[in-house]
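Colleague: Taking the hints into account, I'd like the entire structure generated from these sequences.
2 protein chains.
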Amino acid sequence: MPDPNQMILATFIHNSGAHPGGWRWPGAPAVDQHDFAHFAHLAQTAERGKMHCYFSGDSQGFPSISGKDAFAATDYAGKLEPTTLLAALAVVTKHIGLIATASTTYNEPYAIARRFASLDHISKGRAGWNVVTSASDGEARNFGRDLNMDHDARYARAEEFVDVAKNLWDSWEDGAILRDRDAARYFDPAKVHELGHKGEHFSVAGPLNVARPPQGHPIIVQAGGSGPGRALAARTADMIFTAASSVEVAKEFRDDMRARAAAFGRNPDHVKIIPSVQLMVRASEAEARRADEELLDLVPEALALRTLSLQLGVDLSHLSVNDRLPDLPETNGGKWVQQSIIRMAREEDLPIGLLARRVVVSRASFSYTGTPEQVADLCENWFRAGAADGFSLSPNYQPGVLEDFVDQVIPILQKRGLFRAEYEGDTLRENLGLPRPENAFVANPALGCEPRMWA
Amino acid sequence: MPDPNQMILATFIHNSGAHPGGWRWPGAPAVDQHDFAHFAHLAQTAERGKMHCYFSGDSQGFPSISGKDAFAATDYAGKLEPTTLLAALAVVTKHIGLIATASTTYNEPYAIARRFASLDHISKGRAGWNVVTSASDGEARNFGRDLNMDHDARYARAEEFVDVAKNLWDSWEDGAILRDRDAARYFDPAKVHELGHKGEHFSVAGPLNVARPPQGHPIIVQAGGSGPGRALAARTADMIFTAASSVEVAKEFRDDMRARAAAFGRNPDHVKIIPSVQLMVRASEAEARRADEELLDLVPEALALRTLSLQLGVDLSHLSVNDRLPDLPETNGGKWVQQSIIRMAREEDLPIGLLARRVVVSRASFSYTGTPEQVADLCENWFRAGAADGFSLSPNYQPGVLEDFVDQVIPILQKRGLFRAEYEGDTLRENLGLPRPENAFVANPALGCEPRMWA
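Just so you know, the sequences run in chain order A and B.
In this text, residue positions in the first sequence follow full-length UniProt numbering: the first is 1, and each later residue adds one.
In this text, residue positions in the second sequence follow full-length UniProt numbering: the first is 1, and each later residue adds one.
Just so you know, these hints were derived from the structure itself, not from any lab.
You can trust all of the hints, since none of them are fake.
No copy labels: a pair is met if it fits in one copy or bridges any two.
Under the rule of at most 20 Å between Cα atoms (straight-line distance), these lysine to aspartate or glutamate pairs were calculated in the DMTMM-like manner:
(1) Lys198 - Asp137
(2) Lys124 - Asp35
(3) Lys191 - Glu173
(4) Lys94 - Glu424
(5) Lys124 - Glu422
(6) Lys191 - Asp32
(7) Lys124 - Asp32
(8) Lys198 - Asp146
Modeller: Written out as structure tokens, the structure reads:
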């Protein structure tokens, strides 16, 4: 059983690094983001540090090629699809959790439930699903739409999607598979259930054609910051990733999410709030400041401005870098990031050029470069302030920053008693201190429908 | 370069075995079909035998739980999802091709193109996609429909789906990724293309967000036997799996497919026709006959009858085992299997009970148990008769039959010069002797559309 006084540590998968200048960092090796060996090394490094999980963000589109020359300066030239990548990583790791992003807007619940059940079986209980609703029109255009589905409609669909997926995972009860050769009974049909789900967005018969995952349900992760996003997370998520620009913002968010979870009748301790920290580690304060500057200088101004436009979902190309951000229309994209950026611009009265330089580094999340002790202090302060159950590290460049964190920061956290020395359990769920969910069909025998005759 | 006088050898993935009695075979270990180690052992065994590919069939549904007691006698209690399973298998193998089934009816081309591109990168050029259109209503009911899409509509959708997937794979040209740190150019935007595809079934902007796969395109596999199925395969497939009840049927099919491929302007030698053979290997003829009988006796009659009904897509429960098959209505399912079964019933005037026992063993494909020499003779005869470019083995139980084939039959084929002693190339495509496809955007610069501004 994990010690509740110890923090959770996750790390984001990035191609060459979270920082857009990271791939140009002279000290870092050139990373081929289609080479599995790169990701295997990162996952094994995080596991060496006893970290909880390795997380792959995702989108089902390319940001834009209209800003060709600007975007050609980023390493975003594709990435491996998360469920296939993490299935392969399951083979080269033993303990670390493997969390893949998949959209509820451009997928079907049967297919997603099946892939994550598979990943959970292959990894022997280490899978997690980061539920996203796909904020960009670029993704919509790859799936038969000109514009993205409306924000609230996406979340209504996501609510039903997650419920259907959970019931599909429960459609084979634990112990349904018998393999009784003498009785010619491979499975016990009484423990296999049809859903007969007919909802507003989905109609799904079931049962799933994969046995119940080792964790019961793979870990559900969510990162929505809007009202509907928070409601979905509070009701369904085991872990919530968030981008917080300060310890105050993080604490406010965590308090809100815990209260919302309690309002859904859940134990707030079973919802882990994990802000992301974009990171570098340096031997001294002076070196840290220099590294920040040098890295930012590797980002062309045109890329910074394009990125700002993309994050806001608004074309800013008619403005000069010295202008202030105009009032912006409500958009259909990811609201949390937009609002954080707008707040930053207003509070500090930043001209667009400076705002762009700020946003291009870390979007809305906290960015920090410091000595190992300073980074450990930051983590300890946020954790003790009740602003975080743990952190998701976004290394500015790879694999150096993750190696630095594992080799230099984690030992300090361990010495302070804030991080474990060994994995406590076998599954991700156990290592997060989360209970294995009860089977919905066992809890409620009236769930589902009578088996129907096939035609 | 592979020797054109040598055959291709593939093997099907089955949970415990292709034969429905296989899981009860007393000599075989109990197989946990959710345990990755089982499949890793099989893939490594096939690779030890220098076999070309390991193939995972699939459906996105459970056959039926209305016939609960009958189906509880099969080992079909779920299976791991193929793309995740094969990604994991890529890590524990080096040479063997990895072919996963995915449906064009219940998927979107962007998502499928991306997963298979990922699998091709992770495996360094060993991925294949078996294109299926999903024949069962059971699958339809998991994806929002009461009945399956009409047969011809499924194939019209599949034609467009495969074309879009291929163009997505081409949307990043070879060499598009530069990683030029000094010039701040990670990629060359001139080598990245939007599709702007607007077709009858799909609207897909592109580009894909994965670089061009190592093979250019993963191998396309098809197995449709109907008119539209053959047309799709002849136009788009690199390899065609087929179920043929005799060498004559196989030859007729191969001749037809080669002629159809030529009519599409393709080199018929670039379409590999691979019948499946359901197999056991025994030391003597007498032991072979006894094994066939003993294995069939492990299949309850009720399961055989249910399976026959399922394969025909018609409820036969009102008939007796001594009745003959009545005239059947045209159904919406997989036509090739249905027609093969009906032909078998008529030609041999089989009563339903016997027909069911025949069908439950191997559906429409060729089933054979013999000595190593006899199995080698069978392969040689079909190959020399021009009935097959190779074979896909369906072992009756696992892992024993695959081990027997690799250890006892392959050495004979090698001695006869009919099978290679070592892998010739690095990618599946090279090992099959297939050319790497030209990039459609390079061949036709007018393809695609002008990049659009994102909103």
